[in-house]
Amino acid sequence: MTKKQILMIDDETDIQTVARIGLTMTSDWQVTVASSGKAGIQQAKRQTPDAILLDVMMPDMDGIATLKALKADTQTQGVPVIFLTAKSQAATRKQFYELGALGVINKPFDPMTLAGQIAGFLGW
Amino acid sequence: MSFITDTVLDTETLLNAAGSLIVVFDRQGKVQRFNRTCENTTGYTETEVKGHCVWDFLLTAEERTATRGIFRQLASGQTNRYYESTWLDKTGGRHVIAWSNTVLTNRIGRVDFIVSSGIEVTEQRRSRRQLEGQYRQSHLLSEITQKVRQSIDLTEILQVTVSEVHGLLGCDRVFILKAPMDEFIQLAAESISELPQGPAQSLLQRPWPDNPLLQTGYVDHYRRQSVSVLDTVGGLGAAPEIMDILSSLGVKTELAVPILTAEPPDTPETESEKAYSEHFWGLLIAHQCSQSRQWSPWEIDLMQQLANQIGVAINHAELLDHLEESVIRRTAELTATNQQLRREMEEHRMTEGALRRSENQLRLITNALPALVAYIDTYHRYRFNNYAYETWYNISYQKIKGRQVSDIVSMTVYTQMLPYLEQALMGEKVTYEAEMVLSSGDRIWASVSYIPDWQDGRVKGLFSLVSDISDRKATERMKDEFVSVVSHELRTPLTSVHGSLRLLATGRLGELNAQGQELLDVALRNTERLTRLLNDVLDLERIGSGRGRMTPTVCNVSNLLQSAADAMQSMANDYSIGLNVQVADISTLEVWADPDQVMQALTNLISNAIKFSPRGSKVWLQARSLSHKVEFLVKDVGRGIPSDKLETIFERFQQVDTSDARERGGTGLGLAICREIVQQHQGRIWVQSVHGQGSRFYFTLPKPEESLQERAS
Numbered sequence: 001m002t003k004k005q006i007l008m009i010d011d012e013t014d015i016q017t018v019a020r021i022g023l024t025m026t027s028d029w030q031v032t033v034a035s036s037g038k039a040g041i042q043q044a045k046r047q048t049p050d051a052i053l054l055d056v057m058m059p060d061m062d063g064i065a066t067l068k069a070l071k072a073d074t075q076t077q078g079v080p081v082i083f084l085t086a087k088s089q090a091a092t093r094k095q096f097y098e099l100g101a102l103g104v105i106n107k108p109f110d111p112m113t114l115a116g117q118i119a120g121f122l123g124w
Numbered sequence: 001m002s003f004i005t006d007t008v009l010d011t012e013t014l015l016n017a018a019g020s021l022i023v024v025f026d027r028q029g030k031v032q033r034f035n036r037t038c039e040n041t042t043g044y045t046e047t048e049v050k051g052h053c054v055w056d057f058l059l060t061a062e063e064r065t066a067t068r069g070i071f072r073q074l075a076s077g078q079t080n081r082y083y084e085s086t087w088l089d090k091t092g093g094r095h096v097i098a099w100s101n102t103v104l105t106n107r108i109g110r111v112d113f114i115v116s117s118g119i120e121v122t123e124q125r126r127s128r129r130q131l132e133g134q135y136r137q138s139h140l141l142s143e144i145t146q147k148v149r150q151s152i153d154l155t156e157i158l159q160v161t162v163s164e165v166h167g168l169l170g171c172d173r174v175f176i177l178k179a180p181m182d183e184f185i186q187l188a189a190e191s192i193s194e195l196p197q198g199p200a201q202s203l204l205q206r207p208w209p210d211n212p213l214l215q216t217g218y219v220d221h222y223r224r225q226s227v228s229v230l231d232t233v234g235g236l237g238a239a240p241e242i243m244d245i246l247s248s249l250g251v252k253t254e255l256a257v258p259i260l261t262a263e264p265p266d267t268p269e270t271e272s273e274k275a276y277s278e279h280f281w282g283l284l285i286a287h288q289c290s291q292s293r294q295w296s297p298w299e300i301d302l303m304q305q306l307a308n309q310i311g312v313a314i315n316h317a318e319l320l321d322h323l324e325e326s327v328i329r330r331t332a333e334l335t336a337t338n339q340q341l342r343r344e345m346e347e348h349r350m351t352e353g354a355l356r357r358s359e360n361q362l363r364l365i366t367n368a369l370p371a372l373v374a375y376i377d378t379y380h381r382y383r384f385n386n387y388a389y390e391t392w393y394n395i396s397y398q399k400i401k402g403r404q405v406s407d408i409v410s411m412t413v414y415t416q417m418l419p420y421l422e423q424a425l426m427g428e429k430v431t432y433e434a435e436m437v438l439s440s441g442d443r444i445w446a447s448v449s450y451i452p453d454w455q456d457g458r459v460k461g462l463f464s465l466v467s468d469i470s471d472r473k474a475t476e477r478m479k480d481e482f483v484s485v486v487s488h489e490l491r492t493p494l495t496s497v498h499g500s501l502r503l504l505a506t507g508r509l510g511e512l513n514a515q516g517q518e519l520l521d522v523a524l525r526n527t528e529r530l531t532r533l534l535n536d537v538l539d540l541e542r543i544g545s546g547r548g549r550m551t552p553t554v555c556n557v558s559n560l561l562q563s564a565a566d567a568m569q570s571m572a573n574d575y576s577i578g579l580n581v582q583v584a585d586i587s588t589l590e591v592w593a594d595p596d597q598v599m600q601a602l603t604n605l606i607s608n609a610i611k612f613s614p615r616g617s618k619v620w621l622q623a624r625s626l627s628h629k630v631e632f633l634v635k636d637v638g639r640g641i642p643s644d645k646l647e648t649i650f651e652r653f654q655q656v657d658t659s660d661a662r663e664r665g666g667t668g669l670g671l672a673i674c675r676e677i678v679q680q681h682q683g684r685i686w687v688q689s690v691h692g693q694g695s696r697f698y699f700t701l702p703k704p705e706e707s708l709q710e711r712a713s
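Protein chains in written order, with our numbering: chain F, 1 to 124; chain W, 1 to 713.
Just so you know, the hints here were simulated from the structure itself, not pulled from any lab data. For every residue, glycine included, the Cβ atom is placed at its ideal position computed from N, Cα and C. One or more hints might be untrue.
[What the hints assert, rightly or not] Label-pair restraints from in silico Cβ distances:
1) W:Glu541 <-> F:Thr17: 28 to 38 Å
2) W:Glu435 <-> F:Thr17: 20 to 30 Å
3) W:Val637 <-> F:Gln117: 30 to 40 Å
4) F:Gly120 <-> W:Asp521: 20 to 30 Å
5) F:Gln117 <-> W:Thr648: 47 to 57 Å
6) F:Gly120 <-> W:Arg477: 28 to 38 Å
7) F:Thr74 <-> W:Phe653: 31 to 41 Å
8) F:Gln117 <-> W:Arg477: 26 to 36 Å
9) W:Asp521 <-> F:Arg46: 37 to 47 Å
10) F:Arg46 <-> W:Pro493: 41 to 51 Å
11) F:Gly120 <-> W:Val554: 22 to 32 Å
[Said to hold, decoys possible] Derived list of chain W stretches under chain F, where covered just means 3 residues or more per stretch with a C-beta under 8 Å from a C-beta of chain F:
12) 321-335
13) 500-507
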């Protein structure tokens, strides 16, 4: 069984670090990171991860635009996306789901339970 | 005919044929010739007078000196003097003669003879005097009449009358007595001849009762009479007492004329009914003291006419007095009325002035307001607009009055306004916010309020108040952005810090010694606290701004309770608290609410309950159905809340005991957030607690209306 591959797209490298360490501590998944929407899309096309953890607030191309782009691309449209966001209003959450996200995780998140939350959203 | 010629030429014959009186004097003044006319006139014959001077016997005493003077002048050569003299005839009769004189001089110019030629003008003089008298009479009459008409001074009129009459009659005394009934008789006016001694003394100097003329006895005699002429000498006349009085005063003849005035009846009705009776006012009396005298008819007539005039004058004077009184009274009345009128006008003016001032004030105030203030009637017409309408719509604000609202605002705006306008015109106060475009093209946010104008139980129109809230909106937008940015900006580093500490604290990345571990725990705890604080502050701000960020939907109550319990399970486990969710009878119970917010409220309450309960105890979650709402309950058996803090505990940063906060990790905002959430749902939140025995936190949420209607049908 191949290990699950998670791609994390977030412009904050510190958060990448925390998430990465947390995930690797609590699971056997492989974690890759990208620091921008554009880079993330390229990475996704190259890698075809099992899931993408996507930050919402990013400069240039924000999470929503990135998601739209991912969904528009045949190569990446099948990849499940979970949003990571500091905002937690119901209205925006509804919007995320409507765009095709499978889950929304709030920041600050607990790196020790992050894997569990992701698995929960994706039914792993 | 020579005989006639001879006869004519005879000097003597000529002299005696002449109709005029001819006298020839020598230079000494002795009569030389005295013609027949002279003889006829004087009764003296020529023979008797020849050689005598005329002034010895012909002239009156008063004229002697004057005539001698004239004669001397004539004698010295001054010719043709004309003069008049009075001759006395043999019987003592008087003749007035008008003389003209010439002189006859001798060869050396010395006057030898004086020839006087005269015409008797006695009759002429008498006629003239009579005429003069009549003239004077009528003149006097007209003068007095004029005075009566002009002058209102009765005293003056009376005095003038007696003076003039006195002069005209040439008698010794003329006076007027005023004799009112039952009052003192007064001497109203008097004119006397200038003889200080003698009988014609001034009666004015003799007061009553010394003055017999002022006795009633005297006057009463005349009351019934018309003209009275009394003569003491001849005994003509009257009662002996009167005669005695007159005699004692030295009066020879008296002429008394009553002065009558018209007495108006007490209550005059119509003009035609006014019957003036004659009223005896007093007497006009003329006395002749020096001698007895016959009053000529015209003199009596004059007196009567004057008495009439005096009567008229007195009437006028009395009338004038009455008039004056009336005028004064009427003037006073008019003045009072005028003052009253003026006062009323002043009041009216002041009221008007006050109204206008108040209107102006209203205009001033409303014109100074940046908001639009208007009055709209039931036909959607503007009846009042303030100045702000000019800046908003670029129309002269006075021109808007009377025009339809749809004419002034754009159709879009009118469509926007319409439902609210109609609602207000039905009597409901409405407020709404709308975006509007001004004439300048600027887009603004406006807060519009319509307040119905109730008059006599009907809505006559509405007051409209429109304020520009663009600033507020902009501020809100900025705050939203700020909250958004802050939440992201603060949470990002927090995530990193918290996450790192969390991973370190597991010990799986390397062991620290006990103290190290302790410090790590401290750091972790406080980042968690920081995170919670940040979350709570941002939540409170977001919820409390009341901008309808919540999206209510139909929520199943039991699901809500269960989800909340699930979310708090791990914490409950940490504190060894049992969560008891009672959903048995409420499987179909629903509320109309934002599920996330309800969750937040429930988790806050549960969190508090867990924190303040003793280990091993329970926390209960319940809900029950009420008429239009659902009542939620979170119950614990913890420390409870003192009664004086039951209300304040919902305030921000209020805790029962501040020491608790740090130990139990609370932020002090949890209950405030709960309250905001519940109030946003038009619900109520409260607590029942007994200090030391536990607390029961209640809150209500509305039921969905559709389901209510369904159940109703």
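Hint check:
1. For Glu541 (chain W) paired with Thr17 (chain F), a C-beta distance near 31 Å keeps the hint of 28 to 38 Å intact.
2. Distance hint for Glu435 (chain W) and Thr17 (chain F): a CB-CB separation of about 46 Å, inconsistent with the stated range 20 to 30 Å.
3. The supplied range of 30 to 40 Å is met by Val637 (chain W) and Gln117 (chain F), whose beta-carbon atoms lie about 33 Å from each other.
4. Gly120 (chain F) and Asp521 (chain W) have their C-beta atoms about 28 Å apart, which keeps the hinted 20 to 30 Å range intact.
5. Between Gln117 (chain F) and Thr648 (chain W) the C-beta distance comes to about 38 Å, which lies outside the given range of 47 to 57 Å.
6. A beta carbon spacing of about 36 Å between Gly120 (chain F) and Arg477 (chain W) agrees with the range 28 to 38 Å that was offered as a hint.
7. Taking 31 to 41 Å as the suggested C-beta distance range, the pair Thr74 (chain F) and Phe653 (chain W) does not conform, at roughly 54 Å.
8. Take Gln117 (chain F) and Arg477 (chain W): their Cβ atoms lie about 33 Å apart, and the range 26 to 36 Å holds.
9. Roughly 42 Å separates the CB atoms of Asp521 (chain W) and Arg46 (chain F), a value that falls within the hinted 37 to 47 Å.
10. The beta-carbon spacing between Arg46 (chain F) and Pro493 (chain W), approximately 30 Å, falls outside the hinted interval of 41 to 51 Å.
11. Distance hint check for Gly120 (chain F) and Val554 (chain W): the Cβ-Cβ separation is about 25 Å, which falls inside the suggested range of 22 to 32 Å.
12. Evaluation of the coverage hint for the stretch 321-335 of chain W: breached, as 0 residues show C-beta separations to chain F shorter than 8 Å, against a requirement of three.
13. Coverage of a stretch by a chain is defined here by at least three residues with a beta carbon nearer than 8 Å to that chain's beta carbons; for the stretch 500-507 of chain W and chain F the count is 4, and the condition holds.
Taken one by one, the earlier hints fail for this structure at numbers 2, 5, 7, 10, 12, listed in ascending order.
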